[in-house]
Amino acid sequence: MKTDNFNNITDTKSDNITTPENTAIVLAGNPNVGKSVFFNHFSGLYVDVSNFPGTTVAVSKAIYNNFEIYDTPGIYGVSSFNDEEKVARDIILSADKILNVVNALYLERDLFLTLQLIDMGKKVSVFLNFTDELERRNIKVDSEKLSQILGVEVIETSAVNKKGFDKIDFAIENARVGNRSVEVVNRIQSISSEVISEAESLLILEGDDFIAEKNNAKPATANEREIIYIERRNRVNLIYSEVEYEDSRKGQLFNKLGQISLNPLTGIPLLAVILYLTYLFVGDIVAQRLVGFTEQTLGVGIFEYYVKSTVAEYTDSDLMVEIHNADGTVKESREFVFPGGMNEKPELEKEYYDYSSQPDAAVTFKFNQFFAALLFGEFGVVTMTVTYLAFLLLPLVVAFYFVMAILEDSGYLPRLATMMDKTFNSIGLNGRAVIPIMLGFGCITMANVTTRLLGTEREKSIVTAILQFVIPCSAQLAVIAALMSGAGFMPFIIYIGTISFVLIALSTLLNKLLPGESSPLLLNLPAMQIPKLENILKKTYYRSLGFFKEAWVWFFLGALAVGLMQLTGALELWQKLLAPITTQWLKLPEEAASAFIMGIVRRDFGAAGLFYMDLTVMQVTVALITITLFVPCIASVMVMIKERGIKESLIIWIGTWITAFLMGGIIAQIFI
Amino acid sequence: MSSLIDVNRGRQFIIVRMPDGNEKMQLIRMGVCEGDMVACVERLPGGTMVIQRNRQEIAIGSGLAKRIEISLL
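In order, the protein sequence lines correspond to chains A and B.
Just remember that this note's numbering sits 1 ahead of the position in the first sequence, which is counted from 1.
Just remember that this note's numbering sits 197 ahead of the position in the second sequence, which is counted from 1.
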């Protein structure tokens with residue numbers, strides 16, 4: 002298989018596909034067994050990350066030889082306990098063959114799913130992964146005996162050195178229905194028919210309401226399910242004792258680092274260190290220095306400049322060139338007017354190029370034709386959005402996902418969630434919420450997407466509200482930090498205090514008002530390990546790609562809306578409308594209202610706009626409080642609508658307006 | 198009857214009863230059933246527990262830990 006570039010995909014694809022119907026092969030297994038390594042092996046040629054229709058869990062599909070390979074979310078069993086399980090269940094039910102990846106270190110746990118898949122009557126092959134780790138710890142698993150007992154192929158694999166990968170094709174070919182006990186088969190066949198498959202029958206016997214309803218059958222009761230589960234557990238225990246030996250079951254695999262991460266005494270200092278390192282990497286190196294380069298030099302300096310110059314060739318343009326002094330003040334300036342575009346006046350164009358090629362020259366383009374201005378002007382939809390996405394957001398999002406992948410793969414993240422669980426309980430969440438909230442400091446839009454991993458709708462609502470109301474994203478944080486750094490200690494305290502107050506009040510209120518219970522923390526803690534660079538890079542790549550695919554449209558639309566507002570004068574009208582609130586209540590200059598509106602499109606603009614206004618220290622504080630609490634960028638609002646629905650999103654959106662102006666105003670009235 | 202939340206770090210115990218529901222099913226799948234012998238790896242202030250069975254560590258929130266009946270060995 003060649004993986005030159007995506008342009009070759011269509012050609013190579015048609016070369017390989019000889020049969021009209023592709024066999025559906027599904028990778029299934031517990032979380033953290035290394036399914037992704039297998040999927041990456043298959044997906045070298047073509048990958049499609051899409052949303053499973055009707056749900057919100059992402060599904061990956063790849064074409065390999067003439068098979069369709071599907072990756073599923075990690076599950077402990079096939080049922081319908083949550084969104085991920087439902088998605089996995091449906092994919093597994095429609096699979097032709099199943100490749101069950103099993104973690105050899107957790108064989109006793111993982112075999113539960115294996116037995117369930119076999120009981121379902123599906124064709125299965127088992128990959129016994131992490132055999133390198135087994136060797137390291139002197140544990141032995143008799144894979145041949147296991148294969149005999151289960152009745153399916155068991156291939157020993159080790160992702161780290163691709164051991165066993167040469168047998169993958171063999172495993173796919175020889176996937177078969179395994180050994181099932183007579184009672185299980187009888188029970189299944191008492192339900193199955195032409196319409197109801199054996200796999201679905203088993204799920205009905207295990208009390209799956211969805212499958213039962215789909216087939217007009219009565220699902221088993223919780224008790225009946227428990228009986229089947231315990232029987233399966235017992236079978237697993239028996240099998241396990243037959244095939245694994247010399248194990249260090251009682252030999253505690255205490256990983257000191259794991260312990261240190263968990264215990265708050267050591268864990269909180271460790272978290273502080275990790276947060277500081279993250280800040281250094283993401284906040285300083287990436288957000289300030291790298292993005293400073295990519296956005297200013299590449300984005301504005303090169304990309305926007307060339308695009309706008311090209312546009313200026315052909316349309317009515319005014320070019321203002323300013324020559325700056327060393328300290329940033331303007332030494333001299335000159336305006337070049339081209340009513341018919343630069344190529345109509347070649348001499349003037351030459352003068353312009355000569356003048357602007359002086360050092361420290363900056364050019365501002367103003368287009369007088371409506372669409373030119375809309376697309377390429379000061380708030381040009383095309384120029385602004387591309388710069389924002391490619392030269393600002395991209396480095397930030399990639400950096401954040403990179404850090405998250407490291408924290409995840411090292412085994413740290415679940416331990417962090419465990420350590421924070423109690424704190425989150427007080428606001429109706431459990432430790433898992435730490436993930437979206439941490440991501441929120443990177444990008445709220447990104448974080449909104451990760452609320453999917455929370456257990457109940459209630460928790461998703463609470464976390465979404467916290468993200469939208471309170472959390473400032475990295476684009477904004479950089480500017481806030483810059484503005485605050487000159488402000489002094491008191492304003493800083495006021496800012497932190499107000500934000501914290503809103504956070505606590507909001508979450509406590511939601512916790513009391515929203516009906517239902519939140520799910521308790523029940524989390525498997527994988528062994529701490531050094532993360533593998535290849536996995537980290539692949540995770541970062543796929544997640545960043547997925548994020549941009551989902552979000553880019555909204556940034557464009559938001560920029561379009563603001564661009565239109567500016568050109569039609571609606572922005573100014575808006576400013577006038579808000580003027581009394583802005584000046585009397587918030588005690589800020591009238592133009593601040595524009596900064597707020599700009600913040601809807603690009604959160605950093607909202608904050609950056611304040612740089613150019615002459616504000617007192619307290620005014621800066623009030624403004625920052627207002628924009629932090631204010632509506633986050635349009636993209637995150639769109640994703641929120643997608644995740645939470647229009648009604649809930651509208652309530653949150655209006656709530657942020659009210660809260661932002663209310664709190665900002667109160668602080669202004671007290672302190673200004 | 199003691200509950201999981203009362204167990205100190207390092208103690209071994211037997212799970213006597215788990216509350217019915219989704220969590221019980223998930224625990225069974227992860228390898229923890231009623232009657233199993235389990236060790237307490239960590240007990241965080243506030244009651245979040247980490248238990249261990251067969252090299253596997255599982256974190257359990259305090260709310261759930263209160264409702265799991267155990268008997269100390």
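Careful: at least some of the hints might be erroneous.
[Claimed, not checked] Each computed DSS-like pair below joins lysine-lysine, with the alpha-carbon atoms no more than 27 angstroms apart:
| hint | chain 1 | residue 1 | chain 2 | residue 2 |
| --- | --- | --- | --- | --- |
| 1 | A | K163 | A | K423 |
| 2 | B | K263 | A | K540 |
| 3 | A | K124 | A | K257 |
| 4 | A | K513 | B | K263 |
| 5 | A | K648 | A | K540 |
| 6 | A | K588 | A | K577 |
[To be verified] Computed, partial: chain B to chain A, Cβ under 7 angstroms:
| hint | residue |
| --- | --- |
| 7 | S200 |
| 8 | I202 |
| 9 | R206 |
| 10 | G207 |
| 11 | Q209 |
| 12 | I212 |
| 13 | V213 |
| 14 | P216 |
| 15 | N251 |
No lab work stands behind these hints: they were computed from the structure.
Keep in mind that this is a model prediction, so the values were computed, not measured.
Idealized CB from N, CA, C, for every residue including glycine.
A quick look at each hint next to the structure:
A threshold of 27 angstroms between alpha carbons decides the hint, and for K163(A) with K423(A) the separation of about 41 angstroms lies outside it, so the pair is violated. As the CA atoms of K263(B) and K540(A) are separated by approximately 37 angstroms, the hinted pair breaks the 27 angstroms bound. Taking the CA atoms of K124(A) and K257(A), the gap is about 41 angstroms. The hint is violated against a cut of 27 angstroms. Between K513(A) and K263(B) the CA atoms are separated by roughly 22 angstroms; this keeps the pair inside 27 angstroms, and the hint holds.
Of the pairs offered as hints, the one joining K648(A) and K540(A) is violated, with about 33 angstroms between alpha carbons and a cut-off of 27 angstroms exceeded. Under the criterion of a C-alpha separation no larger than 27 angstroms, the hint pairing K588(A) with K577(A) is consistent with the structure, at around 15 angstroms. Evaluation of the S200(B) hint against chain A yields a violated restraint, the C-beta minimum of about 13 angstroms exceeding 7 angstroms. A cut of 7 angstroms between beta carbons decides the hint on I202(B): the least distance to chain A is about 12 angstroms, and the hint is violated.
Hint on R206(B) is violated. Least Cβ distance to chain A is approximately 9 angstroms, over the 7 angstroms limit. With a cut of 7 angstroms, the hint placing G207(B) at the interface with chain A is violated, because the nearest CB-to-CB distance is about 10 angstroms. A cut of 7 angstroms between beta carbons decides the hint on Q209(B): the least distance to chain A is about 10 angstroms, and the hint is violated. Interface restraint check for I212(B): the shortest CB-CB distance to chain A comes to about 12 angstroms, outside 7 angstroms, so the restraint is violated.
Taken as an interface hint, V213(B) does not check out: its beta carbon lies about 15 angstroms from the nearest beta carbon of chain A, beyond 7 angstroms. A least Cβ separation of about 10 angstroms between P216(B) and chain A goes past the 7 angstroms threshold, and the interface hint is therefore violated. For N251(B), the suggested interface contact is upheld, since its CB lies about 5 angstroms from the closest CB of chain A, less than 7 angstroms.
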